[in-house]
Structures are given as structure tokens and as C-alpha cells.
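**Q** Just so you know, the protein sequences line up as chains F and G, in that order.
Heads up: the first sequence at position 78 corresponds to 78 in this note's numbering, and the numbers run straight through without jumps.
Heads up: the second sequence at position 94 corresponds to 213 in this note's numbering, and the numbers run straight through without jumps.
Don't read these hints as lab results, they were simulated from the structure.
Treat the hints with care, as some may be off.
[Claimed, not checked] Derived SDA-like pairs: lysine to any residue, alpha-carbon spacing no greater than 25 angstroms straight-line:
(1) F:K57 / G:T210
(2) G:K173 / F:W98
(3) F:K11 / G:P158
(4) G:K172 / F:K57
(5) F:K57 / G:N121
(6) F:K11 / G:G161
(7) F:K57 / G:S145
(8) F:K57 / G:R214
(9) G:K174 / G:A202
(10) F:K11 / G:V203
(11) F:K11 / F:D106
(12) G:K187 / F:E44
(13) G:K187 / F:T107
(14) G:K173 / F:Y109
(15) F:K71 / F:R9
(16) F:K57 / G:K173
(17) G:K173 / G:H192
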Amino acid sequence: DTGVSQNPRHKITKRGQNVTFRCDPISEHNRLYWYRQTLGQGPEFLTYFQNEAQLEKSRLLSDRFSAERPKGSFSTLEIQRTEQGDSAMYLCASSLVWTSGGGSTDTQYFGPGTRLTVL
Amino acid sequence: KNEVEQSPQNLTAQEGEFITINCSYSVGISALHWLQQHPGGGIVSLFMLSSGKKKHGRLIATINIQEKHSSLHITASHPRDSAVYICAVRTSGSRLTFGEGTQLTVNP
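Please put together the full structure from these sequences, using the hints given.
**A** Here it is, written out as C-alpha cells:
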């Protein structure tokens, strides 16, 4: 399977604990995105990377949240001191954007998501 | 008011019916995406368009930039089309802003 993968698929944790999620994008994709989706709502943008550089962060990404993409391949999203309001599906997506001629497909391919439940 | 509004929120149809889902947005965009989300969370990109119309199989997507409106049509609907359909717009950079989705149920 050469699609976007996320691990774990499900995570149950107690309030106050730290959690870390991993996303492996499609191998040649240079952009990686993190989104959060709560029940019955559309996804909300959290942050995105171009290669290893974090280019944009949403104001939703409080100081308890940190994302990294150290080698420009996989990415991790860490939530510290989890709260019940953090319970959601965390989605990762990747895309290929090239700069020569300004071209872009920017079709984002989504992973299956990590469902976080904070008790 | 959300920047991206979809209607209807829920739609139930009989197999074979022609279905239309609407999306209106209030911001300047560089592209609009239609996505399909099945139970369990998996999201599939159906279309990305910035003008005109695109067709893929039984799915047709149109966009009117002046009116800031897009529609997704499904012809000859089938129970396997049952899913949540999400409209998303690309504004600055690569950030996507999503609508809340339309839950479609197609009964046999």
C-alpha cells in the first residue's frame, strides 16, 4: 500500500497524559498537512509542512500541540497534557507541489486518521 | 457564519435518483475540492476545480466563481454512494477550509 498511513488508528488516554501520532505520507510528496475533525463537523486545518519546514500553523494549534517533520518524510503530532476537548479524529494528508513554472496538483491524499479519545 | 456552507446537511434518496449537493463560500479561493468520507474516517478526493465543470463517471462537479458557488451532482445514484460529501476551498497557500459535510444515504 503506497497511500498515506497513520498510526495508531485509535488512541484512548486519560486526561493530562501526552500522546503522539505518526503520519507517513506518500513517498514523493513534499507537503504534509494535519487536520482535526470532531464528530459531525468538517475537518479543521491545524498545520502543514513543505519538506521539513513548518510553513503555517492554525490558531487552533495551542502551545500544547507540536508537530514535526524532521527529515521531510514522516511527521509526528504530539499533544501534551491532553484535555477532553482534544477528543477528535486527527487526519493527515500529503500532496506534491512543484515550484518550477508555479505548477501544482495540490490534490491532497488523506490517511485513515487517528481517533483520539480522552477520558 | 462559516466561510464554507453546504446544503443540504442530510439527504436521503432512492437508488437511481439524480442528486445535487451545493456549496457556497464567502472568501476568495484558488481552488475548490469535493471530498468523500466513508464511515470510519477515510477521505477520498473526488475533484479539484477552479473553473467550469469536471466529470468522472457518474459524478459531475461545477463551479461558478462569480457567484462563489459549486455543485456536486451524482447521476443514477447507488447505495454505495452513501457517504459524507465535503466541500473544501483553498484560500491562502495550501490551507483548506472545509464545509460541515452533507450526509448522503441512498436506499435500494
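**Q** Confirm or reject each hint.
**A** Tested hints:
no., hint, verdict
1, F:K57 / G:T210, "14 angstroms, holds"
2, G:K173 / F:W98, "23 angstroms, holds"
3, F:K11 / G:P158, "18 angstroms, holds"
4, G:K172 / F:K57, "32 angstroms, violated"
5, F:K57 / G:N121, "19 angstroms, holds"
6, F:K11 / G:G161, "17 angstroms, holds"
7, F:K57 / G:S145, "22 angstroms, holds"
8, F:K57 / G:R214, "10 angstroms, holds"
9, G:K174 / G:A202, "19 angstroms, holds"
10, F:K11 / G:V203, "24 angstroms, holds"
11, F:K11 / F:D106, "30 angstroms, violated"
12, G:K187 / F:E44, "21 angstroms, holds"
13, G:K187 / F:T107, "21 angstroms, holds"
14, G:K173 / F:Y109, "19 angstroms, holds"
15, F:K71 / F:R9, "23 angstroms, holds"
16, F:K57 / G:K173, "32 angstroms, violated"
17, G:K173 / G:H192, "10 angstroms, holds"
Comparing the model with each numbered hint stated earlier shows that hints 4, 11 and 16 do not hold.
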